[in-house]
Every structure is written in C-alpha cells, then in structure tokens.
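Sequences and hints are given; from them, build the entire structure.
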Amino acid sequence: EAGVAQSPRYKIIEKRQSVAFWCNPISGHATLYWYQQILGQGPKLLIQFQNNGVVDDSQLPKDRFSAERLKGVDSTLKIQPAKLEDSAVYLCASSSRWGSMYNEQFFGPGTRLTVL
Amino acid sequence: GESVGLHLPTLSVQEGDNSIINCAYSNSASDYFIWYKQESGKGPQFIIDIRSNMDKRQGQRVTVLLNKTVKHLSLQIAATQPGDSAVYFCAENTRGESSYKLIFGSGTRLLVRP
Numbered sequence: 376e377a378g379v380a381q382s383p384r385y386k387i388i389e390k391r392q393s394v395a396f397w398c399n400p401i402s403g404h405a406t407l408y409w410y411q412q413i414l415g416q417g418p419k420l421l422i423q424f425q426n427n428g429v430v431d432d433s434q435l436p437k438d439r440f441s442a443e444r445l446k447g448v449d450s451t452l453k454i455q456p457a458k459l460e461d462s463a464v465y466l467c468a469s470s471s472r473w474g475s476m477y478n479e480q481f482f483g484p485g486t487r488l489t490v491l
Numbered sequence: 110g111e112s113v114g115l116h117l118p119t120l121s122v123q124e125g126d127n128s129i130i131n132c133a134y135s136n137s138a139s140d141y142f143i144w145y146k147q148e149s150g151k152g153p154q155f156i157i158d159i160r161s162n163m164d165k166r167q168g169q170r171v172t173v174l175l176n177k178t179v180k181h182l183s184l185q186i187a188a189t190q191p192g193d194s195a196v197y198f199c200a201e202n203t204r205g206e207s208s209y210k211l212i213f214g215s216g217t218r219l220l221v222r223p
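So the sequences go chain by chain: R and G.
Position 109 of the first sequence, counted from 1, bears residue number 484 in the numbering used here, the numbering being contiguous throughout.
Position 87 of the second sequence, counted from 1, bears residue number 196 in the numbering used here, the numbering being contiguous throughout.
By construction, these hints were calculated from the structure, which means they are not laboratory data.
Heads up, a few of these hints could be off.
Some chain R residues well away from chain G (every beta-carbon gap over 12 Å; in silico) [as the list claims (entries may be wrong)]: (1) Gly-378; (2) Lys-386; (3) Lys-390; (4) Ser-393; (5) Leu-414; (6) Gly-417; (7) Lys-419; (8) Asn-427; (9) Pro-436; (10) Asp-438; (11) Arg-439; (12) Ser-441; (13) Glu-443; (14) Leu-445; (15) Gln-455; (16) Asp-461.
Calculated pairs, DMTMM-like style, for lysine to aspartate or glutamate (alpha carbon to alpha carbon, straight line, at most 25 Å) [what the hints assert, rightly or not]: (17) R/Lys-419 - G/Glu-148; (18) G/Lys-151 - R/Asp-449; (19) R/Lys-419 - G/Asp-193; (20) G/Lys-151 - R/Glu-443; (21) R/Lys-437 - G/Glu-206; (22) R/Lys-386 - R/Asp-449; (23) R/Lys-458 - R/Glu-443; (24) R/Lys-419 - G/Glu-206; (25) R/Lys-453 - R/Glu-389; (26) G/Lys-180 - R/Glu-479; (27) G/Lys-180 - G/Asp-164; (28) R/Lys-446 - R/Asp-432; (29) G/Lys-177 - G/Glu-206; (30) G/Lys-165 - R/Asp-438; (31) G/Lys-151 - R/Glu-479; (32) G/Lys-151 - R/Glu-460; (33) G/Lys-180 - G/Asp-158; (34) G/Lys-151 - R/Asp-461; (35) R/Lys-453 - R/Asp-438; (36) G/Lys-177 - R/Glu-479; (37) G/Lys-180 - G/Glu-206; (38) R/Lys-390 - R/Glu-479; (39) R/Lys-446 - R/Glu-460; (40) R/Lys-390 - R/Glu-443.
Each residue gets a CB set at the ideal place from its N, CA and C atoms; glycine is no exception.
Structural data, given as structure tokens:
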C-alpha cells in the first residue's frame with residue numbers, strides 16, 4: 376500500500392512569511408497527526424485529527440499555527456507568520472484506529488522548513 | 110546526506126557486533142512503548158513495541174527490554190549491519206485529555222563501522 380505522502384519536501388522562507396504543508400495519509404486511515412521535529416530532538420505532537428475533527432491541539436501554537444482536515448482525508452498545516460524558531464522538520468503520520476493504546480502510527484518523509 | 114540530528118548521543122559499533130541503545134522514560138503510568146528507527150531524510154519507522162505487562166520482547170534481530178522499576182527501556186540489535194545506521198527513538202504512548210499520544214525520547218545515533 377502507498378505510504379503517507381507529504382509535500383513539499385523542502386521549503387525555505389524568510390521570517391514573517393507564511394508557509395503551508397500538505398499531507399495525504401494512508402488510504403482508510405481515520406487518524407492523522409502533525410509533528411514538529413527540531414534538529415537533534417524527537418518529534419513533538421502538534422495536532423491530532425480523528426476524521427475531520429480535532430482530538431488534541433494542546434501543543435499547537437495557535438497564534439501562528441493552524442491546521443485543517445476538511446474532508447477527513449488530506450490535511451494542511453499552516454504557519455503565519457513564521458519565526459526563526461519554527462525551523463524544523465514537519466512530519467505527518469496516520470493510523471487506522473483511534474482511542475486504542477496499541478495504535479501504530481505510520482510516518483511520512485516530512486517537510487524540512489528553514490526560516491531565514 | 111541530510112542529518113537528522115547534530116548533537117545526539119552516538120553509539121559506534123563494528124559491523125557484526127551487537128548494539129544496545131538505552132532510553133529512560135518519564136511517565137510511570139505509561140503502558141505501551143515503541144522503538145522507532147529514523148534514517149536521514151525519512152520519517153520514523155516502527156521497529157518493535159512492548160506492553161507494560163512484559164519485560165522482554167523479541168523480533169527479528171531486535172530485542173526490547175523494559176524495566177518499569179527504574180523506567181528504562183533498551184533496544185538490542187544482534188549482528189549489527191550497515192543498514193542499521195540511523196537515529197533510534199524510544200516513545201511512550203500516554204493518555205492525554207481525550208486520546209493517547211506518543212511522547213518521543215531524544216534519540217541515539219547508531220553508526221556501524223564496516
């Protein structure tokens with residue numbers, strides 16, 4: 376089966392500009408996650424969707440970050456305006472189940488964002 | 110190639126030797142743990158998992174050990190191969206307000222010398 380798709384793979388912007396990332400999860404996966412991975416650290420969850428509803432966005436900096444999954448399939452993550460500290464890899468993951476502890480997440484290749 | 114992390118702890122092993130990667134977790138209430146492998150330019154890939162009612166679980170060339178008393182996990186890779194070179198993360202699946210979520214550790218870079 377096809378994996379999680381993300382685009383673009385790389386993006387370079389200047390601070391205060393806007394940027395958007397796109398994710399297409401594995402077909403049939405109802406749960407979608409966005410993570411931020413700063414260089415040298417493990418991924419940190421930003422937001423979790425179950426179908427088109429937000430389950431957890433407690434670590435999303437809502438003053439500048441937004442995400443949507445309008446039709447319950449693909450999703451976009453936006454940063455507006457970007458700051459230098461937003462430089463990171465943004466990973467999308469999906470899973471077939473929700474509410475279960477034993478829930479394998481499948482990760483996409485990520486988008487590497489550099490803010491100058 | 111693209112670097113996943115520049116300041117990660119690094120374990121360097123000779124090809125064919127066994128590798129042991131360690132991880133401390135934070136939440137004593139966590140019941141499920143996963144090891145991920147992340148190669149340069151790729152997302153994390155599931156390797157093996159273990160539930161809290163187990164002390165040990167074996168896969169193909171990999172073994173995970175869990176010590177709940179000291180909140181410690183280890184990943185053992187037998188007969189390490191060049192393709193095992195990557196950054197390894199442990200993750201604990203913890204209960205949030207309305208769902209479970211993964212909390213990742215800081216990672217260890219494994220370098221395999223030919």
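Status of each hint after checking the structure:
Remark: the non-interface label on R/Gly-378 conflicts with the geometry, its nearest Cβ contact in chain G lying 9 Å away (cut-off 12 Å). Once the 12 Å rule is applied to beta carbons, R/Lys-386 is consistent with being away from chain G; the minimum gap is 14 Å. Even its closest Cβ contact with chain G, about 22 Å, leaves R/Lys-390 beyond 12 Å, as expected for a residue assigned away from the interface. Residue placement check: R/Ser-393 keeps its beta carbon more than 12 Å from all beta carbons of chain G (closest about 24 Å).
The non-interface label for R/Leu-414 is inconsistent with chain G: the shortest C-beta to C-beta separation is roughly 6 Å, within 12 Å. With a least CB separation of 3 Å from chain G, R/Gly-417 falls inside the 12 Å interface cut-off, contrary to its annotation. Residue-level check failed: R/Lys-419 sits 7 Å from the nearest beta carbon of chain G, not beyond 12 Å. No Cβ of chain G approaches the Cβ of R/Asn-427 within 12 Å, the least distance being about 15 Å, so the stated non-interface status holds.
Annotated as non-interface, R/Pro-436 keeps its C-beta farther than 12 Å from every C-beta of chain G; the closest such distance is 17 Å. For R/Asp-438, the requirement that its beta carbon stay farther than 12 Å from each beta carbon of chain G is met, with the minimum near 21 Å. For R/Arg-439, the shortest C-beta to C-beta distance to chain G comes to about 21 Å, beyond the 12 Å cut-off, and the non-interface label holds. For R/Ser-441, the shortest C-beta to C-beta distance to chain G comes to about 19 Å, beyond the 12 Å cut-off, and the non-interface label holds.
Its beta-carbon lying about 18 Å from the closest one in chain G, R/Glu-443 satisfies the requirement of being farther than 12 Å from that chain. The beta carbon of R/Leu-445 is kept farther than 12 Å from every beta carbon of chain G, the shortest such distance being approximately 20 Å. With a minimum CB-CB distance of about 24 Å to chain G, R/Gln-455 clears the 12 Å threshold, and the non-interface call stands. With a least CB separation of 17 Å from chain G, R/Asp-461 remains clear of the 12 Å interface cut-off, as annotated.
A hinted pair counts as satisfied when its Cα atoms are at most 25 Å apart, and R/Lys-419 with G/Glu-148 qualifies at roughly 18 Å. Of the pairs offered as hints, the one joining G/Lys-151 and R/Asp-449 holds, with about 20 Å between alpha carbons and a cut-off of 25 Å not exceeded. Proposed proximity of R/Lys-419 and G/Asp-193 is supported: the alpha carbons are some 24 Å apart, at most 25 Å. Using a Cα cut-off of 25 Å, the hinted pair G/Lys-151 and R/Glu-443 holds, with the two alpha carbons roughly 24 Å apart.
With a C-alpha separation of about 18 Å, the suggested pair R/Lys-437 and G/Glu-206 falls inside the 25 Å cut-off, and the hint holds. A C-alpha spacing of about 19 Å is found between R/Lys-386 and R/Asp-449, which places the hinted pair at or below 25 Å, so the restraint holds. Proximity of R/Lys-458 to R/Glu-443 is assessed by CA-CA distance (about 21 Å); at most 25 Å being required, the pair is judged to hold. For the hint pairing R/Lys-419 with G/Glu-206, the CA-to-CA distance comes to about 16 Å; that is within 25 Å, so the pair holds.
At roughly 15 Å between alpha-carbon atoms, R/Lys-453 and R/Glu-389 fall within 25 Å of each other, so this suggested pair holds. This hinted pair checks out: G/Lys-180 and R/Glu-479 have alpha carbons roughly 22 Å apart, not beyond 25 Å. A distance of roughly 12 Å separates the Cα atoms of G/Lys-180 and G/Asp-164; the hinted pair therefore holds under the 25 Å criterion. Distance restraint check for R/Lys-446 and R/Asp-432: the Cα-Cα separation of roughly 18 Å lies within the 25 Å cut-off, and the hinted pair is therefore satisfied.
Taken as a hint, the G/Lys-177 and G/Glu-206 pair is honoured in the structure, with Cα atoms around 23 Å apart against an allowance of 25 Å. Proposed proximity of G/Lys-165 and R/Asp-438 is contradicted: the alpha carbons are some 44 Å apart, above 25 Å. Between the alpha carbons of G/Lys-151 and R/Glu-479 the distance comes to roughly 17 Å, so the proposed pair stays at or under 25 Å and holds. Distance hint between G/Lys-151 and R/Glu-460 is fulfilled; the C-alpha atoms sit about 21 Å from each other, no more than 25 Å.
Taking the CA atoms of G/Lys-180 and G/Asp-158, the gap is near 15 Å; set against the 25 Å cutoff, the hint holds. With a CA separation close to 19 Å, the supplied pair G/Lys-151 and R/Asp-461 stays within the 25 Å bound. Between the alpha carbons of R/Lys-453 and R/Asp-438 the distance comes to roughly 11 Å, so the proposed pair stays at or under 25 Å and holds. As the CA atoms of G/Lys-177 and R/Glu-479 are separated by approximately 22 Å, the hinted pair is consistent with the 25 Å bound.
The hinted pair formed by G/Lys-180 and G/Glu-206 meets the criterion: a straight-line CA distance of about 23 Å does not exceed 25 Å. Taking the CA atoms of R/Lys-390 and R/Glu-479, the gap is about 35 Å. The hint is violated against a cut of 25 Å. About 31 Å separates the Cα atoms of R/Lys-446 and R/Glu-460, which puts this hinted pair outside 25 Å; it is violated. Proposed proximity of R/Lys-390 and R/Glu-443 is supported: the alpha carbons are some 23 Å apart, at most 25 Å.
Checked against the numbered hints above, the structure breaks hints 1, 5, 6, 7, 30, 38 and 39 and satisfies the rest.
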